[in-house]
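Enquirer: Residue numbers (our numbering), protein chains in the order written: chain H, 1 to 493; chain E, 1 to 493.
It is worth saying that the hints were derived from the structure and are not from the lab. Since we're looking at a predicted model, the values are computed, not measured. By construction, the Cβ of each residue, glycine as well, lies at the ideal position given by its N, Cα and C atoms. Possibly wrong hints are sitting among the right ones.
What the hints assert, rightly or not - Okay, the calculated bits of chain E under chain H, using three or more residues with CB under 8 Å as the criterion: (1) 71-81; (2) 128-140; (3) 231-244; (4) 325-334; (5) 350-360.
Stated by the list, open to error - Partial selection, computed: residues in chain E whose CB lies under 10 Å from chain H: (6) Ile31; (7) Ala33; (8) Arg35; (9) Pro51; (10) Thr120; (11) Asp122; (12) Ala373; (13) Gln376.
There are 2 protein chains.
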Amino acid sequence: MPDSWVNSAERIGTDLHLDLSGTGSRRAVLIRALRDAVREGRLAPGTRLPPYRSLAADLGLARNTVADAYAELVAEGWLTARQGSGTRVAERVAPPKRPRLPKPAPARPAAPAYNLLQGTPDAASFPRTAWLAAARRALAAAPNEAFGPGDPRGRIELRRALADYLTRARGVRVDAERIVVCSGFAHALRLLFGGSRGAGGGVLRGPFAVESYGLGFHREILESSGVRTVPLGLDEQGARIEELADGARVRGEGPRVRGVLLTPAHQFPTGGPLHASRRAAAVDWARAHGGLILEDDYDGEFRYDREPVGAVQGLDPEHVVYLGSVSKSLSPAVRIGWLVLPEQLVPAVLAAKGEREAWASVLDQLTLAEFIASGQYDRHIRRMRQRYRSRRDRLVAALSEHAPHITATGIAAGLHAVLRLPPGTEASAVKAAAWQGIALEGLAQFRHPAATMPTADGLVVGYSTPAEHAYGAAVDALCRALPPDERYEGGAP
Amino acid sequence: MPDSWVNSAERIGTDLHLDLSGTGSRRAVLIRALRDAVREGRLAPGTRLPPYRSLAADLGLARNTVADAYAELVAEGWLTARQGSGTRVAERVAPPKRPRLPKPAPARPAAPAYNLLQGTPDAASFPRTAWLAAARRALAAAPNEAFGPGDPRGRIELRRALADYLTRARGVRVDAERIVVCSGFAHALRLLFGGSRGAGGGVLRGPFAVESYGLGFHREILESSGVRTVPLGLDEQGARIEELADGARVRGEGPRVRGVLLTPAHQFPTGGPLHASRRAAAVDWARAHGGLILEDDYDGEFRYDREPVGAVQGLDPEHVVYLGSVSKSLSPAVRIGWLVLPEQLVPAVLAAKGEREAWASVLDQLTLAEFIASGQYDRHIRRMRQRYRSRRDRLVAALSEHAPHITATGIAAGLHAVLRLPPGTEASAVKAAAWQGIALEGLAQFRHPAATMPTADGLVVGYSTPAEHAYGAAVDALCRALPPDERYEGGAP
Chain H
1 MPDSWVNSAE
11 RIGTDLHLDL
21 SGTGSRRAVL
31 IRALRDAVRE
41 GRLAPGTRLP
51 PYRSLAADLG
61 LARNTVADAY
71 AELVAEGWLT
81 ARQGSGTRVA
91 ERVAPPKRPR
101 LPKPAPARPA
111 APAYNLLQGT
121 PDAASFPRTA
131 WLAAARRALA
141 AAPNEAFGPG
151 DPRGRIELRR
161 ALADYLTRAR
171 GVRVDAERIV
181 VCSGFAHALR
191 LLFGGSRGAG
201 GGVLRGPFAV
211 ESYGLGFHRE
221 ILESSGVRTV
231 PLGLDEQGAR
241 IEELADGARV
251 RGEGPRVRGV
261 LLTPAHQFPT
271 GGPLHASRRA
281 AAVDWARAHG
291 GLILEDDYDG
301 EFRYDREPVG
311 AVQGLDPEHV
321 VYLGSVSKSL
331 SPAVRIGWLV
341 LPEQLVPAVL
351 AAKGEREAWA
361 SVLDQLTLAE
371 FIASGQYDRH
381 IRRMRQRYRS
391 RRDRLVAALS
401 EHAPHITATG
411 IAAGLHAVLR
421 LPPGTEASAV
431 KAAAWQGIAL
441 EGLAQFRHPA
451 ATMPTADGLV
461 VGYSTPAEHA
471 YGAAVDALCR
481 ALPPDERYEG
491 GAP
Chain E
1 MPDSWVNSAE
11 RIGTDLHLDL
21 SGTGSRRAVL
31 IRALRDAVRE
41 GRLAPGTRLP
51 PYRSLAADLG
61 LARNTVADAY
71 AELVAEGWLT
81 ARQGSGTRVA
91 ERVAPPKRPR
101 LPKPAPARPA
111 APAYNLLQGT
121 PDAASFPRTA
131 WLAAARRALA
141 AAPNEAFGPG
151 DPRGRIELRR
161 ALADYLTRAR
171 GVRVDAERIV
181 VCSGFAHALR
191 LLFGGSRGAG
201 GGVLRGPFAV
211 ESYGLGFHRE
221 ILESSGVRTV
231 PLGLDEQGAR
241 IEELADGARV
251 RGEGPRVRGV
261 LLTPAHQFPT
271 GGPLHASRRA
281 AAVDWARAHG
291 GLILEDDYDG
301 EFRYDREPVG
311 AVQGLDPEHV
321 VYLGSVSKSL
331 SPAVRIGWLV
341 LPEQLVPAVL
351 AAKGEREAWA
361 SVLDQLTLAE
371 FIASGQYDRH
381 IRRMRQRYRS
391 RRDRLVAALS
401 EHAPHITATG
411 IAAGLHAVLR
421 LPPGTEASAV
431 KAAAWQGIAL
441 EGLAQFRHPA
451 ATMPTADGLV
461 VGYSTPAEHA
471 YGAAVDALCR
481 ALPPDERYEG
491 GAP
C-alpha cells in the first residue's frame with residue numbers, strides 16, 4: 001500500500017469522525033461528510049482515498065452508494081480520479097481560512113424605546129385577513145399566463161383598478177395604458193433618472209428643481225444619476241414656483257431646469273399644501289418651457305380636516321408624472337408603486353424597465369388589484385385615516401397641555417407633524433429626545449445643502465410608527481424632551 | 001349680469017350636460033362633472049361661473065355642496081376665485097389636445113401558436129393552493145415588524161430557509177448572514193455591477209469574462225454598467241477556463257479580467273456541465289489572481305439523468321458569488337432571487353441595495369420561506385422534474401422517429417434542449433419554425449459578438465413553456481420545421 005493511502009478503517013470514520021447521522025439519503029449524508037472532512041483539512045490535499053469497496057465495507061454502506069459519492073465529489077471538484085492512481089483529494093481545495101464556527105449575529109443598534117421617525121405606517125394595522133382573502137380570490141381567478149413572464153407595464157388587472165381608484169380618490173386623469181407599475185417611489189425615480197449605467201433608466205435629464213426641504217434619499221437618487229438638484233424656496237403657500245419661472249433658471253447657474261419634483265398635497269416634511277395659484281403656476285411653467293412636474297403623492301389620501309385636494313396631474317396629464325405607492329397607505333412590505341405618465345413618456349419608461357417584469361411581484365400585483373377592486377383598500381384607508389387623525393389629535397392635545405408654546409404646524413394630514421421650535425433649539429431638542437429614548441429627526445436633516453431660504457427649527461414627528469399601546473408613552477416622553485418656554489423660564493445658556 | 005356670466009339654468013346642466021349620475025357623494029360627482037366640463041372646453045377659460053347659490057338651486061343640491069365643490073376646484077387650480085369678480089374658470093387650463101376617447105389597446109404581436117422560447121417554466125404548474133396555504137401560515141406567524149420597513153438583506157426567515165435548502169440541495173456553503181435577497185438574477189447583476197449612476201450598485205469592476213454563448217440580456221447589464229465582457233470559448237468540457245489563466249488576460253487586450261460569469265451546472269444555452277477539472281481550475285484562477293466567479297445556478301435543480309452536481313461555490317465560498325432565483329423553479333411572477341456572497345462583499349452589496357428593502361416583496365419573502373421550510377418547495381421541484389423530464393423524453397423520442405439525423409445535445413437537464421443542425425441551416429430552420437407558428441431562437445441569438453470559437457448551428461427549444469395539452473402538437477410542428485437529412489434528400493439550394 002502506498003504511504004499516502006488512507007486506511008479507511010483506521011482513518012476514515014474513526015479519526016475523521018465522518019458524521020453519517022444527518023438527514024437525507026445515505027449517499028447525500030456520505031457526500032456531506034466527505035466534503036466537510038476535505039473542507040476542514042482532516043483529509044489533506046493529495047491524500048489518496050480508499051477504494052470505494054473498502055470504504056463501503058468499513059462503513060456498512062452499499063458499494064454503489066460510495067461509488068456514487070466519489071463520482072459526485074469528483075464532479076464537484078473536491079476529489080480527482082485518475083486511471084491507475086485512484087481517487088485523491090484535489091490539490092486545489094485550500095484549507096479553510098478559519099474554523100467553521102457559528103457566527104455571532106452582527107451587532108445592530110438597539111431599537112429606541114419610542115420610535116417617532118417619520119415614513120412608516122403603523123405596522124400592526126396591516127390588514128392580514130383581508131389581504132389573504134384578496135390573495136385567495138386573485139390567485140383563483142388569475143389566468144395561467146399570470147405565472148409566466150410579466151408585462152413590464154404591470155398586470156392589467158392592477159392598472160385598471162389603479163386607474164379607477166386614482167380617478168375617483170385623487171382626481172388623476174388616467175387610464176390603464178399610461179400607468180407603469182414599479183416596486184416603489186425610489187424605483188420610479190430610478191426608472192426616470194437611472195441613467196445608462198443603472199437599472200436601465202435615464203428617461204429624464206437634469207437639472208431638476210426640488211423643494212428646499214425634502215427627503216435627502218430622493219435627491220441622492222437624482223444626483224447619483226448625474227442630475228443636479230436645485231432647491232426652490234418654501235413659504236406659507238408652498239414651493240415658490242415663481243423661482244422656476246424667473247428666467248427659467250434658478251439662480252442663473254448652469255443649464256435650464258428641466259423639471260420640478262413637488263409634494264403638492266402635503267409638503268414633505270414641512271406640512272403645508274401647495275396653494276392653488278402655485279399649482280396652476282407650476283403647470284404654466286411646464287407648458288411654457290417644455291418642463292415636467294413630478295408629483296410625489298406620498299400621503300395624499302390622509303387628510304383629516306377636509307376631503308383631500310386632488311392631484312395636480314389632473315390639470316395637465318401631459319406635463320405631470322404622478323407618483324404613488326402603497327408604502328404609506330398599506331405597508332412598505334408590499335413593494336408596489338406606480339407612475340402615471342404623460343403619453344409620450346410611456347415607451348421610454350417601459351424601455352427602461354425592461355422586456356419583462358423584473359421587479360414588482362406579480363402575485364402582489366394581482367392581490368392588490370383585487371384588494372382595491374373589492375373596496376378593501378378604501379376601507380383600509382378610511383380606518384387608518386381615523387387612527388392617524390386620532391394620533392395627531394392626541395399629539396396636539398398633549399402639546400397644548402404640556403408645551404403650549406410649541407405647536408404642530410402644517411395641515412392636519414399625513415403620518416407626521418412638524419413641531420416648530422424656537423430658533424437655535426432644534427439640535428438640542430433632538431438630543432434631548434434621544435436621552436428620553438425617542439428616535440426622531442429635526443428639520444435640518446431634510447434641508448437641501450444648497451438651500452438659501454431661512455432655516456427653521458423643528459422636529460419631524462412620525463406619529464404612525466409606534467404600536468398603539470406605546471403611543472401615549474411616546475407622546476409623554478416627547479413632551480418631556482421639548483425645550484422650555486423661554487418667555488417664562490429663560491433659555492439654556 | 002356681465003356678458004361672460006354663465007346662466008346656470010341655461011348652460012350648466014343643460015347645454016353642458018353636467019353628468020351628475022356617477023357614483024360617490026354629490027359633492028364628488030359635481031366636482032367630477034365640473035372638472036370634465038373645463039377639461040373638455042365646454043367651460044372656456046375665463047368663463048365666470050354662477051354664484052354657488054344659483055347653481056345649487058338649479059341642480060337641486062345643497063348650497064354647501066356646491067360651495068365645497070367650488071372650493072375644491074379652486075384648490076386644485078381649475079377655478080380661480082377673487083374678491084369681487086366671482087369664480088371663474090382658470091385661464092391656465094388648456095383645452096385638451098384631442099377628444100377624450102377610449103384608447104385602443106396598443107397592438108401587440110400575435111402570440112405564436114407554439115411557444116418554444118426558452119426561459120420560462122410551465123405557468124400552468126404554479127402551485128396555487130400550496131402557495132396560498134404557505135402565505136396563510138406565514139402571514140399568521142409574522143411579527144408586526146414584518147409590515148414595517150424591511151431589512152435590505154431580506155427576511156431572516158427566508159435567508160434561514162434558503163441557507164438550509166441550498167446547503168442540502170446544491171452543496172452551497174452558506175449561512176443566513178451571507179445571503180442577500182433580491183428581485184431576481186438581473187437585479188443581482190445590477191447590484192453587483194450597477195455603477196454609480198444606477199440602482200446604487202457598482203460593487204465589482206470589469207472586464208469580466210463570460211461564456212461565448214449566453215444570455216445577451218446579462219451581457220448588456222454588465223456592459224451598460226461600463227463593464228466590458230470578454231468571451232471564453234466553450235468545448236465539450238464547458239467553458240475554457242485556461243483562457244483566463246493564460247497570462248491572466250484574455251487575448252491580451254486592455255486591463256486584466258477581474259472575474260468570470262459561469263453557468264457550471266448546465267451551460268446556458270449549449271447544455272453541457274462544466275467539467276470537474278474546469279471547476280477546480282476556475283477556483284484556482286480566482287485564488288491566484290484575486291478574481292471572482294459568478295455562478296449562475298439558473299436551473300441547477302433540474303437534472304434528469306442523475307443527482308444534480310453541487311455548486312462550484314462549495315469549493316471556495318470566498319471566491320464565488322452564487323446566484324439563484326425562483327424564476328425557473330417556481331415562477332417569474334414571484335420576484336425573488338438571492339446572492340450568496342463572499343463575506344467581504346456583503347457590506348458593499350447591502351450598501352448598493354439601500355437602507356431598507358425597496359425591491360423584493362416582504363410578503364412573498366415570508367411566504368417563500370414557509371413554502372421552503374414546510375417541504376413544499378422540494379415537492380414542487382420533484383413534481384416539475386418529472387414533468388420536464390417527460391417533456392424532454394417526448395422531444396427526444398419524436399426526433400428519433402421523425403428527424404433521426406438531428407439530436408438533442410447536452411445533458412438531460414433544465415428546461416430547454418439544443419438541437420444541433422447541419423452547418424448553415426440554423427437561420428432557415430428558425431424561419432421554417434416561424435412558418436409553422438413556432439416561436440423559438442437559434443444559437444446565433446446567444447453568441448457573444450466578440451466570440452472567436454467556431455460557430456455552431458442549433459435551435460434552442462424551451463420545452464417547459466407550452467401548456468401540457470399543447471405540447472404534443474408543438475413537438476410535431478417542430479419536427480415538420482426541421483431541415484431534411486442531407487445525406488438522403490439533399491440540401492436546399
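Enquirer: Which hints, by number, does the structure contradict?
Expert: 3, 7, 9, 12 and 13
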